[in-house]
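Produce the complete structure using the sequences and hints provided.
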Amino acid sequence: MSVALKLPRLRLKGGTSLWVGGSLVAIAISAAILAPVIALTDPVMDANLMNAEIPPCWEYPFGTDAQGRDIYSRIVYGARISLSVGIISQICNSLIGVTLGLTAGYWGGWWDDLVSGLTNLMLAIPSLVFALAIMAILGPGLVSLVIALGLTSWSYSCRIARAQVLSLKSQGYVQAARILGYGDLRIMFTQVLPNILGPLIVIATLGMGGAILAEAALSFLGLGIRPPFPSWGSMLSEARDQITTAPWLSVFPGLAIFFTVLGLNLLGDGLRDILDPQSTTRRN
Amino acid sequence: MLIVLGRRLANVIPTLLAVVALVFLLFSVLPGSFISGMNEDGRSAMDPAVMERMRKEMGLDDPLLERFAKYVVNIAVGDLGTSFRTREPVTKMLSGRIWPSLKLVMAAMTFAILVGVTLGFLAALKPGGLLDTAAMVGAISGLSLSQFWFGLMLMYLFALKLQWLPSFGYGDGGLRNLILPAIALGVGPMALLARTTRAAVLDVLNADFVRTARSKGMSERRVVEWHVLRNALVLVITIVGLQFGSLMGQAVVVEKLFAWPGVGSLMVDSVFQRDMPTVQGCILMIVLFFLAINTLVDIAYVVIDPRIRYR
Amino acid sequence: MTTPLLRVDNLRIALASDGITYNAVENVSFEIGRGEAFGLVGESGCGKSITALAVMGLLRRPLSLGGGRIVLDGQEIQDAPAAEMRRLRGKRIAMIFQEPMTALNPLSPVGKQIAEMFVLHQGANWNEAMDRAEEALRQVRVPSPERRIRDYPHQLSGGMRQRVMIAIALACGPDLLVADEPTTALDVTVQAEIIDLIAELCAAKGTAVLMISHDLGLVANMCKRVAVMYAGRIVESQVADAIFATPSHPYTQGLIDSLPRLGERARRGRQRLTEIAGVVPSIQAYPAGCRFNPRCPAVTDICRTNVPEATSLPADGLVRCHHHG
Amino acid sequence: MRKLIWLAAAAVAVLGAAAAEAQDTPRKGGSIRMTAPYAASFGSLDPHVTPRAQDDIVNKAIQRTLYNWNTSANKLELELAKSVSVSADGLTYTYKLRDDAFFHNGRKMTADDLIFSYTRIMDGSKGYPGARYVRLIKGAVDVEKGQAKEISGLKKIDDFTLEMTITDRVDPGYYFFAGTTAILPKEEVEKGNFASNPVGLGPFKFKEHIPGSRVTTERFDKFYKPGKPYLDKLEVLIMAEAAARDVAFRNKEIDTSILGPAQYVAYRADPQLSKGILEVAEMFTRAITMNHDSIKPFQDKRVRQAINYAIDANLIISRLVKDKAYRATSWLPPSSAAFDKTVKPYPFDPEKAKKLLAEAGYPNGFEFELTTSQNESWGLPIVEAVIPMLAKVGIKLKPKLVEVTVLTELAMKGDHQAYIGSNLTGPDSLATLRCYYSKTPRTACNYTGFKNPAFDKLLDDAAQEGDMAKRNELLKKANNLLYDEAPVWFFNYNKAVMAYQPWVHGLQANPTEITHQYPEEIWVDANSPAK
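Residue numbers (our numbering), protein chains in the order written: chain A, 60 to 343; chain B, 20 to 330; chain C, 9 to 333; chain D, 33 to 563.
The set of hints was computed from the structure by calculation and includes no laboratory data.
Cβ atoms here follow ideal geometry from the backbone N, Cα and C, with glycine treated the same way.
Straight-line alpha carbon distances no greater than 27 Å define the calculated DSS-like cross-link-like pairs of lysine-lysine that follow:
| hint | chain 1 | residue 1 | chain 2 | residue 2 |
| --- | --- | --- | --- | --- |
| 1 | D | K509 | D | K384 |
| 2 | D | K284 | B | K122 |
| 3 | D | K445 | D | K177 |
| 4 | B | K75 | D | K471 |
| 5 | B | K75 | D | K218 |
| 6 | B | K111 | D | K218 |
| 7 | D | K181 | B | K75 |
| 8 | D | K158 | B | K89 |
| 9 | B | K75 | D | K158 |
Derived list of chain B stretches under chain D, where covered just means 3 residues or more per stretch with a C-beta under 8 Å from a C-beta of chain D:
| hint | segment |
| --- | --- |
| 10 | 97-107 |
| 11 | 167-178 |
| 12 | 281-289 |
Dropping the structure here:
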């Protein structure tokens with residue numbers, strides 16, 4: 060290109076969403092980590108029916124729920140569960156996707172066909188439907204939820220990993236590395252992985268938001284987290300019948316979900332501008 | 020076009036077979052059975068002797084492989100089995116649900132395309148402008164919403180407070196009942212489409228041939244009409260297809276909330292009652308729909324993009 | 009001297025980046041007479057392409073016209089309203105771009121893309137416009153144009169596509185053709201054909217050409233006058249023959265030295281230009297003084313502090329170098 | 033202009049009707065939109081196929097059974113027969129059937145229809161849920177096993193006289209009022225698509241079923257009760273989502289709605305909505321069922337009593353269940369004749385609980401797993417309130433969340449340490465108490481594994497006792513014995529609450545299931561907005 064200019068607008072934009080998203084996520088993460096410190100009461104054991112359904116006040120900043128537990132404390136502790144659901148399930152998805160994608164692209168042949176078939180299959184069955192089935196099998200609970208969400212949306216990372224291997228292969232990197240006597244595994248880790256780390260992080264970040272929303276949807280359908288530890292989705296789902304009588308029960312978990320997912324989405328967008336080579340090519 | 024269709028079909032059949040196998044195996048290890056599910060409302064006690072008979076009648080005690088083989092053979096002749104719950108053919112139960120589901124999905128997608136593509140398009144024409152910022156903040160918020168929460172809010176606002184629309188149900192199947200669930204379902208794809216369209220249009224607006232068009236002395240409007248739209252469409256249509264196809268499955272939550280008689284709500288209901296033949300039928304339907312829409316998208320590519328034919 | 013067709017006077021192009029405005033191009037002046045071919049030469053990133061875009065009125069954010077005048081046929085056009093510029097573009101000044109692969113709309117038949125010119129500028133209806141597009145294709149020597157007009161760009165070779173571009177550019181008989189590296193992306197064998205075609209058609213129609221290239225040899229063959237740009241400034245401007253004979257700027261010297269001796273043209277300019285040590289500085293990091301100083305073999309202290317003034321050369325030529333004369 | 037006049041006339045009519053609202057004469061015509069709250073669809077409109085409470089809402093309109101539950105008298109009565117005579121041994125019943133009952137296809141019901149229907153239910157290859165009731169008839173089991181074609185205990189005397197011989201000395205009314213024993217016309221059943229085109233003896237005939245959405249029925253003119261039904265049209269709309277039902281009811285899109293605790297509070301507090309609330313003590317007992325076989329502490333009566341002392345049930349009922357329940361004393365509900373009003377429920381006394389635990393050898397408590405569903409009245413929210421209460425006496429409770437479907441299965445398999453659930457405890461008190469009879473298998477509702485010879489003896493005696501008053505006395509003793517033994521944590525009896533719009537009249541407080549309305553009694557006044 061003869062116009063060798065960086066388009067500063069894009070970079071600025073990425074910066075804003077990175078900053079806003081990052082702060083929102085940072086708040087959620089610090090709430091999760093500091094939960095025992097910043098929570099006012101125990102989220103489970105401090106049920107006191109005499110304090111049930113108190114609207115937000117000085118003592119209970121977000122009010123109390125039907126069992127008389129402090130909603131603020133439950134949201135703070137809920138961050139632990141909602142975030143771990145997001146993070147662990149995305150780690151699972153990335154591991155599965157990358158492993159399948161790398162090996163499929165690298166070895167090719169019938170394995171590649173099989174993995175491609177699997178990927179198509181995963182894309183064809185809506186992940187919520189799939190997750191619902193897995194939750195029904197394993198029963199409600201944190202572990203099942205993580206498995207259900209961690210098993211059902213790896214197709215994107217798989218595709219990216221596979222495409223990257225194929226492109227590196229066509230550029231001769233892989234052959235070169237092989238001639239130098241590198242083993243298959245080493246080639247994958249040294250040559251391929253660093254190249255796809257950016258897009259993978261982006262996908263995982265956006266996927267975490269999706270997982271938190273999926274947790275809420277599954278809670279709504281009656282297949283959520285194992286009680287009594289609070290997750291935002293189960294809090295929201297339990298509170299929905301009281302929306303006319305005690306709106307704060309659903310407003311605060313709802314906002315917690317919204318802002319955290321929003322933060323993750325913004326962060327993902329911001330990271331994409333920085334990390335995803337596909338969107339940076341245009342700038343150079 | 021025939022080649023595309025043929026190649027598609029060759030892909031579809033193994034996928035379908037795999038779906039059938041996967042779903043069958045998944046649900047065969049599900050805890051609880053239809054019979055215990057009959058007491059789902061906690062209000063209908065069952066007699067153990069009757070339960071035994073029912074297990075036998077439904078073939079629940081046969082070996083898994085035998086059941087699977089039977090099932091596949093029956094599917095091949097278009098028989099999806101008999102619902103445990105209603106003792107009617109699953110095909111018949113599904114046939115009543117497809118049209119409402121299609122209607123909801125179409126309405127949601129129409130909403131998503133009309134609003135999403137328009138917003139994304141307008142946003143891209145003035146990047147960084149007020150509309151762009153507002154539209155993109157809106158879009159990313161739309162992607163961060165919990166669907167049932169949003170649906171509930173719509174219900175409260177438009178049905179209870181403003182009394183503009185009925186809050187739930189199928190009614191006579193008309194538009195009034197359709198609007199709220201369609202918006203609740205369409206807001207996610209809408210947000211996604213707004214973002215995709217914006218990115219696609221920006222991409223195209225920066226393309227060399229658009230500069231060529233400008234150098235010809237065209238007005239921006241002509242540039243957009245003659246050169247940008249069609250090219251952006253190719254990019255947008257992929258997302259439309261993917262979203263459209265999976266919408267029937269995503270509709271589960273909205274259908275349940277709005278008591279909409281679609282395939283999704285039938286499926287959830289059947290999962291909870293362990294009515295396996297119906298669940299399998301529903302999932303098969305959803306997958307078929309996805310594959311059909313994607314085939315249509317492939318055909319649309321061929322129509323829009325002359326390069327495809329020669330690949 | 010009669011009024012030149014195009015006079016660029018003290019042109020400055022601004023680049024806004026992170027709230028700071030840089031001058032991507034400054035103090036650029038040149039004139040092109042009617043029917044005359046003028047060459048603008050320099051490495052990638054020296055500002056020649058955006059100078060061409062400025063002439064076309066096609067600068068887009070973050071670039072904008074910072075100052076100076078562009079006079080077309082006695083009329084100042086640098087501040088002309090958008091509608092006015094649109095009427096000029098295509099009709100009086102046309103442009104050919106570097107990449108024929110991407111410069112044509114992939115989803116539109118090439119005939120239609122030519123025909124648009126007649127619809128836009130001559131009020132033709134689509135049917136007659138298509139007929140004339142076929143004729144235009146014939147003029148740029150595309151074989152069997154009656155079939156080719158229905159083809160899509162991906163069905164044509166690079167050379168054919170560039171011919172289509174030429175047909176588009178010359179469709180309405182413009183006074184000035186801006187050709188931005190028209191052959192860079194093409195096979196060596198085709199390059200000469202395209203250049204000859206441009207030269208021939210422009211000569212026949214009396215169209216002036218602003219030829220932009222990194223290839224001094226190519227420009228010198230075709231153009232009467234040549235200006236050499238470096239880092240946003242014109243460093244030397246001379247009659248084509250004279251520039252080979254008596255290059256006055258060290259950079260021009262470098263360009264000439266890097267030309268293949270045997271007259272054969274290498275495929276990519278970048279490979280040849282490596283012979284001048286160093287790279288073109290980025291806009292945000294232009295050095296003070298003479299911008300060529302970090303790469304100049306004859307650099308002295310003054311080069312690092314003072315911007316060299318223009319020194320006249322024979323036949324309206326000029327050079328900007330502290331060490332000249 | 034004409035429209036204006038019409039509007040004015042309508043306004044006058046509405047005002048007039050409102051003024052005359054106090055009048056009790058049922059108005060003919062109009063329509064009602066009831067709700068089916070328990071699932072997102074109906075199972076089948078063939079009443080023999082499904083035992084679901086949800087499906088029976090519709091079946092009550094379309095179908096009829098030999099007996100019904102008279103809500104105002106709170107007892108069983110004949111529905112399709114005019115009279116019945118019982119033999120001295122109490123095993124042979126001779127029914128004089130109605131000669132004015134017509135199926136919707138216009139044919140008159142005869143004894144053959146009862147015989148056909150009961151025989152169909154016993155089809156052994158089908159496993160119809162109603163078989164558990166029909167099995168009472170002598171010879172029914174042979175049909176089920178395929179050893180006979182006809183039920184020997186059913187004899188047609190003439191078209192309108194049926195003789196039925198049963199195997200146990202029980203009231204057959206408890207068996208033949210269940211919706212799964214409805215009387216169907218043979219010729220319609222044999223057409224093969226009965227479920228999509230049900231025909232019955234009920235006051236409304238089937239018009240349309242949009243699966244997953246609603247069933248529409250229309251007035252049947254030849255219904256056997258003169259002047260009934262009042263309504264022209266009855267719709268049952270499926271609305272499983274309580275929050276959505278709340279909006280729809282407030283928006284006047286439905287005429288009746290079932291309320292959960294949260295909405296019960298809100299509706300009671302609302303000056304308008306509070307006028308339309310129907311409450312009834314349903315025959316459901318909510319309890320934590322302890323599995324005596326799975327975990328040792330539960331085998332000790334003192335531990336079980338301690339749990340009953342340790343949980344503040346009254347507080348949970350008032351604060352969490354919002355008084356939408358009656359405190360349970362023992363297993364049988366207050367509507368049972370064997371209910372002892374003099375017995376007081378276990379008081380909240382954590383000190384006593386600690387003492388009992390210490391006596392039983394668990395001064396530091398113990399730990400158990402409690403399986404629960406997500407139900408708002410007898411599931412997770414209750415458990416969450418119980419956890420800290422039990423923790424205070426040293427008992428550590430680990431909740432395990434499952435679907436209701438799984439809960440039932442776990443209960444039947446005994447694959448649980450304890451579970452919280454809602455148990456049908458009526459109307460047949462004897463059958464209800466059999467759940468604690470030591471010979472009753474776990475699959476047939478003995479989910480505790482309770483064994484007590486004294487209790488067994490009382491039940492045996494009761495079953496032998498022909499005099500209903502004496503039998504009830506024995507059952508009362510048995511129930512009080514259960515109170516003392518505390519095989520479960522007695523939580524509450526359900527208070528079912530139905531909200532209805534002000535223009536709806538004639539709803540019945542049915543303690544067996546509030547949604548089961550005999551719709552021929554319902555009428556709407558002129559204020560109803562429904563067409």
